[in-house]
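Asker: Residue numbers (the numbering used here), protein chains in the order written: chain Y, 56 to 376; chain E, 56 to 376.
A hint or two may mislead.
Since the list gives no way to pick out one identical chain from another, each pair is judged satisfied if it fits inside one copy or across any two copies.
Mimicking DSS-like on lysine-lysine, the simulated pairs with C-alpha atoms at most 25 Å apart in a straight line are [as the list claims (entries may be wrong)]: (1) K333 <-> K275; (2) K130 <-> K63; (3) K326 <-> K284; (4) K355 <-> K199; (5) K175 <-> K63; (6) K152 <-> K63; (7) K57 <-> K175; (8) K152 <-> K57; (9) K341 <-> K355; (10) K57 <-> K275.
Just so you know, these hints were derived from the structure itself, not from any lab.
There are 2 protein chains.
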Amino acid sequence: MKELDFLKIINNTLDVNSYLGNDCAYLEDLGIFVTHDTLVQDVHFTMYTTSPYMLGRKSVAVNLSDLAASLSIPKYITVSLSLPNTVEGNFVSELYKGINDICNEYGVAVIGGDITASDKIVISVCAIGKKSSSYLSQRNNANKDDYIVIAGTSGSSAAGLFALQNFLYADEKLIQAQINPLPKIREAEYISKFVDRNITAMDTSDGLIDALYKIAFNSKRSVEIDINKVPIDNELLIFSKQNNLDYKEFVKWGGEDYSLVLCIPSEIFDKIDDNMFKLIGSVNNKDNSPSVTVIDGNVKEVISEKIFMNKTYNHFKGILC
Amino acid sequence: MKELDFLKIINNTLDVNSYLGNDCAYLEDLGIFVTHDTLVQDVHFTMYTTSPYMLGRKSVAVNLSDLAASLSIPKYITVSLSLPNTVEGNFVSELYKGINDICNEYGVAVIGGDITASDKIVISVCAIGKKSSSYLSQRNNANKDDYIVIAGTSGSSAAGLFALQNFLYADEKLIQAQINPLPKIREAEYISKFVDRNITAMDTSDGLIDALYKIAFNSKRSVEIDINKVPIDNELLIFSKQNNLDYKEFVKWGGEDYSLVLCIPSEIFDKIDDNMFKLIGSVNNKDNSPSVTVIDGNVKEVISEKIFMNKTYNHFKGILC
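Using the sequences plus the hints, can you model the full thing?
Answerer: Structural data, given as structure tokens:
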């Protein structure tokens with residue numbers, strides 16, 4: 056079974072499921088956003104391709120990125136750590152140095168958690184953010200003629216992982232994109248000042264097309280982007296050329312860049328810093344079979360539900376398969 | 056290394072560690088309590104001795120119990136689930152039925168989480184509770200002459216686990232104590248109405264002596280209890296007799312009863328329902344070498360730091376060793 060099938064079962068089993076379906080849950084009575092993501096050794100990471108310090112950073116970054124997608128300001132995290140008996144004290148201190156550093160960089164406090172035994176390393180982080188504006192960012196708020204904008208690049212993280220897994224040379228920029236992703240907290244805080252209605256935002260944790268398809272599906276609107284307008288690192292072009300790979304596959308389907316994709320009214324785009332946010336596409340009419348259209352020069356590729364389900368980044372297969 | 060050694064390293068690594076050290080973190084700006092505990096297959100449970108439904112219940116119960124110890128009212132949980140590829144859909148639906156049922160019983164909403172792959176089943180729950188009174192319950196608030204009271208019994212859960220692990224017959228009450236513990240939410244809500252100053256409370260997740268020692272250590276006061284006043288189930292006596300075991304070992308050191316131990320001024324005890332809370336001991340003077348004294352008729356057993364460290368319930372050894 057795939058993650059999406061399990062999520063369907065969970066939705067059908069719970070009496071109250073109105074909180075589910077976004078990157079973060081919004082608790083109106085408390086004015087906070089909550090998210091909870093887990094990294095599992097040999098599924099989300101391997102100790103051959105990262106360090107305890109970077110692992111600590113990334114386990115926090117992936118959760119802060121979800122808060123960024125909700126346009127909320129991160130405040131607190133809890134960390135539940137499961138470790139094999141063989142792990143030494145300096146592994147834990149390095150991991151927590153990473154956690155401590157990234158928390159300091161974004162003004163976040165570690166408030167608790169637990170530590171237990173396990174066969175593999177499992178790091179589960181729950182993050183709490185405060186509301187930064189009167190408006191919400193949710194997956195179902197994309198409207199006709201909204202501009203689709205992105206903060207951050209696409210494809211570098213997946214290329215970095217590909218290099219690490221296949222013992223290929225890659226520029227440090229690609230490796231860092233994979234092992235030390237930076238959540239777009241400041242970009243989210245910046246744009247929240249311009250937002251004057253509920254909007255849609257997602258991070259690209261599971262890839263750019265994944266984010267776009269989920270926005271399309273939840274907003275019941277098709278969307279289209281120009282693949283040549285998506286910001287990429289030059290190092291991705293070089294790496295792809297050197298290894299005879301199609302860089303656009305990394306850009307479209309590669310996960311873990313933790314860039315921020317938003318659908319916003321064009322008036323907002325006119326006001327914001329267009330160095331920080333790049334215009335890559337737009338939202339179409341209501342559509343009962345929402346799709347993502349990728350324009351590449353004269354070629355239009357329409358990604359339907361079926362194509363999406365076959366190609367999306369699937370943690371259940373594992374990044375290492 | 057033991058859990059306590061790792062916790063020392065974490066405390067020393069973090070720049071901000073003032074939130075750590077209690078069962079829950081209290082976030083004053085939000086008026087909420089947060090706790091985060093993880094259950095790991097073959098460490099905290101085995102699928103030979105529980106069902107997916109009961110596992111779902113227990114994974115929530117252990118976190119609600121921490122909120123009870125903080126005298127807070129549980130409101131929300133997130134669930135991060137890691138599952139082997141071989142797990143079927145009905146495992147997930149049964150697990151979530153258990154989660155859904157216990158949440159309904161205590162007025163809690165499941166607000167999110169994630170689902171990932173792993174070798175073993177790992178269930179990580181983060182729970183959020185609202186403040187129920189103007190006063191806090193923390194481990195370091197035990198004062199001289201406070202009464203030590205307990206809601207719930209001791210020893211049954213560990214006896215139930217012993218029976219399951221050794222294929223011994225045990226009354227269903229002991230088995231249920233192990234696989235379906237009930238957090239003392241209502242008892243916490245009840246007593247919070249009588250509390251007129253900061254107090255100390257802990258659950259007995261890691262055993263009665265463990266809770267008492269941690270209270271003594273954090274409050275820098277020795278405490279004493281009368282072992283014969285600790286409420287126990289009659290089924291524990293029968294099981295221990297039938298199997299030639301010392302039931303007092305279960306009562307003192309057995310974990311996972313999730314009973315609620317409190318240190319409260321005697322005036323509060325005079326006002327509360329003494330069917331719900333049983334008086335088992337008292338708090339002594341300040342003490343630089345805090346200990347727990349267990350009185351059993353004419354015998355006084357003093358549990359020092361050294362004895363405690365050797366005997367306390369250690370998840371790092373695992374319940375299955």
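Asker: Taking the hints in turn, state whether each one holds.
Answerer: Comparing the hints with the structure gives:
Taking the closest pair of Cα atoms, K333 and K275 come within 25 Å of each other only inside a single copy of the chain (24 Å); across copies the shortest separation is 58 Å, beyond that limit. Taking the closest pair of Cα atoms, K130 and K63 come within 25 Å of each other only across two copies (23 Å); inside a single copy the shortest separation is 31 Å, beyond that limit. For a Cα distance limit of 25 Å, the shortest separation of K326 from K284 inside one copy, 19 Å, qualifies, whereas the shortest one across copies, 71 Å, does not. In the homo-oligomer, the alpha carbons of K355 and K199 lie at most 25 Å apart inside one protomer (20 Å), although the nearest pairing across protomers, at 77 Å, exceeds that limit.
In this homomeric assembly, K175 and K63 come within 25 Å of each other (Cα to Cα) only across copies, at 22 Å, whereas the closest approach inside a single copy is 27 Å. In this homomeric assembly, K152 and K63 come within 25 Å of each other (Cα to Cα) only across copies, at 14 Å, whereas the closest approach inside a single copy is 38 Å. Taking identical chains as interchangeable, the C-alpha atoms of K57 and K175 lie at most 25 Å apart whether they share a chain (22 Å) or sit on different chains (17 Å). In the homo-oligomer, the alpha carbons of K152 and K57 lie at most 25 Å apart only across protomers (20 Å), although the nearest pairing inside one protomer, at 34 Å, exceeds that limit.
Taking the shortest Cα distances, K341 and K355 sit within 25 Å of each other inside one copy (20 Å), while across copies they are farther apart (77 Å). Taking the closest pair of Cα atoms, K57 and K275 come within 25 Å of each other only inside a single copy of the chain (22 Å); across copies the shortest separation is 52 Å, beyond that limit.
In summary, this structure violates none of the numbered hints.
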